[in-house]
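Peer 1: Put together the whole structure using the sequences plus the hints.
At the far end of the sequence shown sits residue 580, using our numbering, and the numbering has no gaps.
Hint data in this document are derived by calculation from the structure and do not stem from the laboratory.
These figures come from a predicted structure and were not determined experimentally.
Mixed in with the good hints there might be a few duds.
Simulated crosslink set (SDA-like; lysine to any residue; CA at most 25 Å straight-line) [to be verified]:
#, residue 1, residue 2
1, 567, 550
2, 567, 529
3, 567, 461
4, 410, 420
5, 567, 459
6, 567, 482
7, 578, 568
8, 567, 520
9, 567, 526
10, 567, 460
11, 567, 538
12, 410, 425
13, 567, 481
14, 567, 577
15, 567, 462
16, 567, 518
Label pairs and their in silico Cβ distance ranges [as the list claims (entries may be wrong)]:
#, residue 1, residue 2, range
17, 519, 442, 33 to 41 Å
18, 482, 527, 13 to 21 Å
19, 431, 520, 48 to 56 Å
20, 549, 422, 47 to 55 Å
21, 520, 436, 41 to 49 Å
Where a beta carbon is used, it is the ideal one built from N, C-alpha and C, also for glycine.
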Amino acid sequence: LCLGIGEARQWLPHYPIDLFPYPQEASVTVLPAHYMPFAVGKISACLLVFWVTAFFGALLGNQLRFREESLRRVAEDIQASEQRLQAVVNSMGAALMLWSRDLRLVWCNQMAREWFRLEEAGGAVPCRPASDSETVRAACRECAPVAALNSGLPTVIERPHPLSSNGGRMIRIQAFPIRNSQGDVAQVLELVQDITDEKAMQAQILHSEKMA
Numbered sequence: 369l370c371l372g373i374g375e376a377r378q379w380l381p382h383y384p385i386d387l388f389p390y391p392q393e394a395s396v397t398v399l400p401a402h403y404m405p406f407a408v409g410k411i412s413a414c415l416l417v418f419w420v421t422a423f424f425g426a427l428l429g430n431q432l433r434f435r436e437e438s439l440r441r442v443a444e445d446i447q448a449s450e451q452r453l454q455a456v457v458n459s460m461g462a463a464l465m466l467w468s469r470d471l472r473l474v475w476c477n478q479m480a481r482e483w484f485r486l487e488e489a490g491g492a493v494p495c496r497p498a499s500d501s502e503t504v505r506a507a508c509r510e511c512a513p514v515a516a517l518n519s520g521l522p523t524v525i526e527r528p529h530p531l532s533s534n535g536g537r538m539i540r541i542q543a544f545p546i547r548n549s550q551g552d553v554a555q556v557l558e559l560v561q562d563i564t565d566e567k568a569m570q571a572q573i574l575h576s577e578k579m580a
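Peer 2: This is the structure we're talking about:
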């Protein structure tokens, strides 16, 4: 608009552009900037294009902000649900471990890390701590996750705790196979509970019955 007014007032020199037609009037070339219908049409078209661009740009920006806000709320809800689930799992008083088919640790709760000194390391952790003790070797021979993988059925094993730091404690190990969409066992969920007090209570009841 400023350039057109400047050329029409002859304040600025004219630079021809082949894209614009040059109308002829009585064998005289009329410059586009001096031809008012042409200048007004071009300016109106530019203003219309700018307005349409600004309108759709603002509309698209509002939609993006709305979607971003929706995704943020969904992410916050998922994070809150995950935290609640993690709190429930950690407070249940049992160790939970998820194993892949090749017996690599996929996930475990805080209780499992404390009982078995495991670390979540992207599935690169061996299934049991390395040890030469007969207790650990026996535990590996009677591995509930292995039995669940081989049979495809839930497995329950009761035995002494395999780590010396928890010697004298009895645990119940339950392994549940998890199947994929093809029906094959892909993972195993291992639930470990301390049943020392339960066994002591059972022994006390049995002793009382015998005495009676």
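Peer 1: Against this structure, judge whether each hint is valid.
Peer 2: Status of the hints after comparison with the structure:
In summary, the hint linking residue 567 to residue 550 is not supported, as the alpha carbons are separated by about 40 Å, beyond the 25 Å threshold. Proposed proximity of residue 567 and residue 529 is supported: the alpha carbons are some 13 Å apart, at most 25 Å. Distance check on the hinted pair: residue 567 and residue 461 sit about 17 Å apart at the alpha-carbon level, within 25 Å; holds. A distance of roughly 15 Å separates the Cα atoms of residue 410 and residue 420; the hinted pair therefore holds under the 25 Å criterion.
Restraint check for residue 567 and residue 459: the C-alpha separation of about 22 Å stays at or below 25 Å, so the hint holds. A hinted pair counts as satisfied when its Cα atoms are at most 25 Å apart, and residue 567 with residue 482 qualifies at roughly 22 Å. Proximity of residue 578 to residue 568 is assessed by CA-CA distance (about 15 Å); at most 25 Å being required, the pair is judged to hold. Simply put, residue 567 and residue 520 have alpha-carbon atoms about 28 Å apart, too far for the 25 Å limit, and the pair is violated.
With a CA separation close to 10 Å, the supplied pair residue 567 and residue 526 stays within the 25 Å bound. For the suggested pair residue 567 and residue 460, the alpha carbons sit about 19 Å apart, so the restraint of at most 25 Å is met. Between residue 567 and residue 538 the alpha-carbon distance is near 8 Å, which keeps this suggested pair within the 25 Å criterion. Pair hint residue 410 plus residue 425 holds up; C-alpha atoms about 22 Å apart against a cutoff of 25 Å.
For a cut-off of 25 Å, the pair hint linking residue 567 to residue 481 stands: about 24 Å separates their Cα positions. Between residue 567 and residue 577 the alpha-carbon distance is near 15 Å, which keeps this suggested pair within the 25 Å criterion. The straight-line distance between the Cα atoms of residue 567 and residue 462 is roughly 16 Å, inside the 25 Å bound, and the hint therefore holds. Taken as a hint, the residue 567 and residue 518 pair is broken in the structure, with Cα atoms around 29 Å apart against an allowance of 25 Å.
Hint check: residue 519 to residue 442, Cβ distance near 40 Å, so the stated range 33 to 41 Å holds. Between residue 482 and residue 527 the beta carbons are some 19 Å apart, a value that agrees with the proposed interval 13 to 21 Å. Between residue 431 and residue 520 the C-beta distance comes to about 49 Å, which sits within the given range of 48 to 56 Å. Between residue 549 and residue 422 the beta carbon distance is about 49 Å. The supplied range of 47 to 55 Å therefore holds.
Under the hint 41 to 49 Å, the C-beta atoms of residue 520 and residue 436, about 45 Å apart, fit the expected range.
Hint violations for this structure: numbers 1, 8 and 16, all remaining hints satisfied.
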